[in-house]
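Peer 1: This is what each chain is made of:
Number of protein chains: 4
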Amino acid sequence: MPSIDLNADVGEGSFNSGTDSDAQLLPFVTSVNVACGFHAGSPGIIHQTVQRAAALGISIGAHPSYPDRAGFGRRFLDASPDEIYCDVLYQIGTVAAFCRAAGVPLRHVKPHGALYNHAATNSIAALAIVGAVRSYDPKLMLYAPPGSTLFQVAVSEGLCAIAEVFADRAINANGTLVSRGIPGAVLADPAAVARRAVRMVLEQRATAIDGTEVTMTGDTICLHGDALDATTRVQAVHVALEAAGITLAAPSST
Amino acid sequence: MPSIDLNADVGEGSFNSGTDSDAQLLPFVTSVNVACGFHAGSPGIIHQTVQRAAALGISIGAHPSYPDRAGFGRRFLDASPDEIYCDVLYQIGTVAAFCRAAGVPLRHVKPHGALYNHAATNSIAALAIVGAVRSYDPKLMLYAPPGSTLFQVAVSEGLCAIAEVFADRAINANGTLVSRGIPGAVLADPAAVARRAVRMVLEQRATAIDGTEVTMTGDTICLHGDALDATTRVQAVHVALEAAGITLAAPSST
Amino acid sequence: MPSIDLNADVGEGSFNSGTDSDAQLLPFVTSVNVACGFHAGSPGIIHQTVQRAAALGISIGAHPSYPDRAGFGRRFLDASPDEIYCDVLYQIGTVAAFCRAAGVPLRHVKPHGALYNHAATNSIAALAIVGAVRSYDPKLMLYAPPGSTLFQVAVSEGLCAIAEVFADRAINANGTLVSRGIPGAVLADPAAVARRAVRMVLEQRATAIDGTEVTMTGDTICLHGDALDATTRVQAVHVALEAAGITLAAPSST
Amino acid sequence: MPSIDLNADVGEGSFNSGTDSDAQLLPFVTSVNVACGFHAGSPGIIHQTVQRAAALGISIGAHPSYPDRAGFGRRFLDASPDEIYCDVLYQIGTVAAFCRAAGVPLRHVKPHGALYNHAATNSIAALAIVGAVRSYDPKLMLYAPPGSTLFQVAVSEGLCAIAEVFADRAINANGTLVSRGIPGAVLADPAAVARRAVRMVLEQRATAIDGTEVTMTGDTICLHGDALDATTRVQAVHVALEAAGITLAAPSST
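As you go down the protein sequences, you meet chains A, B, C and D in turn.
Using my numbering, you'd call the opening residue of the first sequence number 121 and step up by one each time.
Using my numbering, you'd call the opening residue of the second sequence number 121 and step up by one each time.
Using my numbering, you'd call the opening residue of the third sequence number 121 and step up by one each time.
Using my numbering, you'd call the opening residue of the fourth sequence number 121 and step up by one each time.
Since the hints were made in silico from the structure, they are not lab data.
Treat the hints loosely; a few may be bogus.
Identical copies look the same in the list; a pair holds intra-copy or inter-copy alike.
Stated by the list, open to error - Restricting the straight-line Cα-Cα distance to at most 25 Å, the calculated cross-link-like pairs of lysine to any residue (SDA-like) are:
1) K259 x G177
2) K259 x E277
3) K259 x V275
4) K259 x A222
5) K259 x R220
6) K259 x N292
7) K259 x T332
8) K259 x A174
9) K259 x P225
10) K259 x L307
11) K259 x G295
12) K259 x R195
13) K259 x S243
14) K259 x D339
15) K259 x L247
16) K259 x L368
None of these values were measured; they are calculated from a predicted model.
Hey, can you work out the whole structure from these sequences and the hints?
Peer 2: Next comes the structure, spelled out in structure tokens:
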């Protein structure tokens, strides 16, 4: 019976903004990546987020970033491998502490934004990230794009790598994501996103922006929670996957 | 045979300032309190500091602060108990992560600056700190002023509290520290500080600024490393204690 | 013909949160207080905010805070007068730079949150703030609670003080604001807030939470823009004031 | 009679580190670039630095950086032109405010570290910086490497560009600086640095690391103040220039 994980980036809001989409989102995902304070989040937000996820039995991961709150971690920063190693290890420690207080394990790490994109093709950054994860706990899983340098380095260094695909983003014929600046890069229609997710799991395929059929094998589907209608889309994916007989479950490193 | 711990606050310097007194200081202490990034420090500095301390077999603790880099954590901030709890837990997690990577245990927590002073007399803040420490690991020791609210709350909540005294600070007749603003508050002469430390251990007494003899029982003596001639003073204390037949050893929670 | 200023705190949102209530709010106010980056805001947000306000001919002020993003500037921080002076002067400079680039004057300063509240009763903090404002430009107006220490110090130091009252907050019989923690402290009903604003201007009176009639003379009415239905309330006040024949206009330092 | 400006980056230390080389350095330079808080510095440090420079009649400039305290502004950050524009304008405003309070003019801007290096060859970043300077005050001078993109863009946009050369750094045959990682990149011997400075002014030449003679025409010589023996070197340059009959004077935008 087919199975898939649904993950979302959480803990990126603000107590002061009066907006908190996490509460609506959490019931529909099976794992979450918690912001650690470097691109978003704070001790109080991590605390609340981990407690909510723990109460729902959702698998918890850390979501480390470049130190760039001003740019939400979306800008490349020319950090050295030592700096990346230390920044990632520091951030893993923060979410791990709240997991420990909540009596639940920290199960994975997913780099955020520009750090994720950089390590997808840069082996030096990938090694620094993987090194930090292994230093903390070699049983932690690492979410990474399938076929990426980050994925390969994780596997060769003995980590359990989890292939992450996106159901709400258009892809190019070579399987990479269409840049956000290009029209059609982000898929908004809940039904279309849901169909795409089901097809990714059952057929391991997706249609690229130019019509090409692309092989797309993932262990986890990322759904973005920061759009205004995110909840509708996440719920649609959740419902469609279950209706198609697909089991929703967090990945396991065994 | 009498025994005492010598502790110092470390990891508070900067890679850029060209000053790093920690390297000179470390050989003479038996435990260190590592800044976590809220009043000073950074992931890279924590990494370096923990590796140095681990290599020397020094007992490592976290040194959490109010979030106030601008004020070096020395200014009272009217944080709520929840905020204190979350800030302390977050900071414990950061140093713990680097300890884990270095294969050494995190052994204690010592609040920094204004947070330490506030919790010394405020039971709500003390409970928040103690709660964070217990949430992370109830076997962690907590350094606190002997007889303080923080000390008492730690004990009543089941933590191992370690009584911290100061050899390089003048005290009032009631045993509290003389405020830094008052002349004579900080003792500079290495020989005088060393004699004071020896007497604290062997006689459990110290002379207050008004000449009164005060009972002063401590498990650990804090030595400040941030003054220009700190190393001379720390070395003098170390040598004098050993010459007096006193064992220098980190505290133990058993 | 009676006249009043309507002011709002702006530039406190985030580009990333997807929420920006300022655009809806701006058409209904006559002056704005721009966050400077210490409790909220950023260079990019200040830029956008000043450009919007300039385009609408709205009077622009700086909204300096304690350096406390984690607490949104709402927590007392035991800063020295020198620290307050420097922090306020720094923040005035930031908004002034964007005003200069936009070809509009910076016209006033309104301290934010805990700094505003502290200076309302503490003459040392009030003097530090007033000193920073005067150092930058003695023609800048200072918004302050009528009758407060901050107001009095501003006047005695030669600044033009603008009395600020609140139409959406309940008051005690002595004219001070009811603490946010107390039920009924924040008035939500747009019609009630609008009536209250009109009465403040025409009768210079308001009803306290215990029913007492209180004299309430203000030069500017602050309306909070951070609640979900803030725009409705601000619009209601604007419409009601105009319907009552009251001129809406920014204050002037004549 | 030949004339040159001697500039130094200042306000980059810390009140807490106990090190402040600025006081020793200031008597020997004719202009300073004041850190604005993004890579180093703080409101209090800017205040003190501007007051000292004003008392000595030294020409004052702002030293804006990428927002990267963790990396001291030395790491490339992929910021957009709008972000660079806003960050630079914000930082100019901060130093300008303290100049205004001290009754002295802000006279120039010199970008810091990675931002300076990036704009030296990237016209988009250069335009963003130049745009921010012009928005604030088109009479502000801009310090830039002679022949660089930043220099050319400044001139073509109507700013007064000041050619900055380095007496304590080795150069390549094409006139660019030898990377800090390469042995011999930084010249330490005060006498050698002083001779080099004199020759730059009188002969407009310098010897490259490979022995080539390079034309080197500068309006200002930058001397680094962050090394341990910086003062000796700065003093040596100052004395040697005066002994050679060269006038030391800040540049003027006439």
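Peer 1: For each hint, tell me whether it holds in the structure or not.
Peer 2: Each hint tested on the structure:
In the homo-oligomer, the alpha carbons of K259 and G177 lie at most 25 Å apart inside one protomer (19 Å), although the nearest pairing across protomers, at 27 Å, exceeds that limit. Taking the shortest alpha-carbon separations for K259 and E277, only the intra-copy value of 12 Å comes in at or below 25 Å, while the best inter-copy value is 33 Å. Taking the shortest Cα distances, K259 and V275 sit within 25 Å of each other inside one copy (12 Å), while across copies they are farther apart (35 Å). For the homomeric pair K259 and A222, the shortest alpha-carbon distances inside one copy (19 Å) and between copies (17 Å) are both at most 25 Å.
When the C-alpha separation of K259 and R220 is checked against a cutoff of 25 Å, the pair qualifies both within a copy, at 16 Å, and between copies, at 14 Å. In this assembly of identical chains, K259 and N292 lie within 25 Å of each other by CA distance neither inside one copy nor across copies; the values are 33 Å within and 49 Å between. Proximity of K259 and T332 under a CA criterion of 25 Å is satisfied in neither setting, with 37 Å inside one chain copy and 57 Å between copies. Proximity of K259 to A174 under the C-alpha cut-off of 25 Å is found in both arrangements, the shortest distances being 19 Å within a copy and 24 Å between copies.
For the homomeric pair K259 and P225, the shortest alpha-carbon distances inside one copy (11 Å) and between copies (19 Å) are both at most 25 Å. For the homomeric pair K259 and L307, neither the shortest alpha-carbon distance inside one copy (34 Å) nor that between copies (49 Å) is at most 25 Å. In this homomeric assembly, K259 and G295 never come within 25 Å of each other (Cα to Cα): the closest approach is 28 Å inside a single copy and 50 Å across copies. In the homo-oligomer, the alpha carbons of K259 and R195 never lie at most 25 Å apart, since the shortest distance is 29 Å inside one protomer and 32 Å across protomers.
For a Cα distance limit of 25 Å, the shortest separation of K259 from S243 inside one copy, 21 Å, qualifies, whereas the shortest one across copies, 40 Å, does not. Taking the shortest alpha-carbon separations for K259 and D339, only the intra-copy value of 17 Å comes in at or below 25 Å, while the best inter-copy value is 38 Å. Only within a single protomer do K259 and L247 lie at most 25 Å apart by alpha-carbon distance; the minimum there is 16 Å, versus 34 Å between protomers. Only within a single protomer do K259 and L368 lie at most 25 Å apart by alpha-carbon distance; the minimum there is 22 Å, versus 38 Å between protomers.
Against the hints set out earlier in the document, violations occur for numbers 6, 7, 10, 11 and 12.
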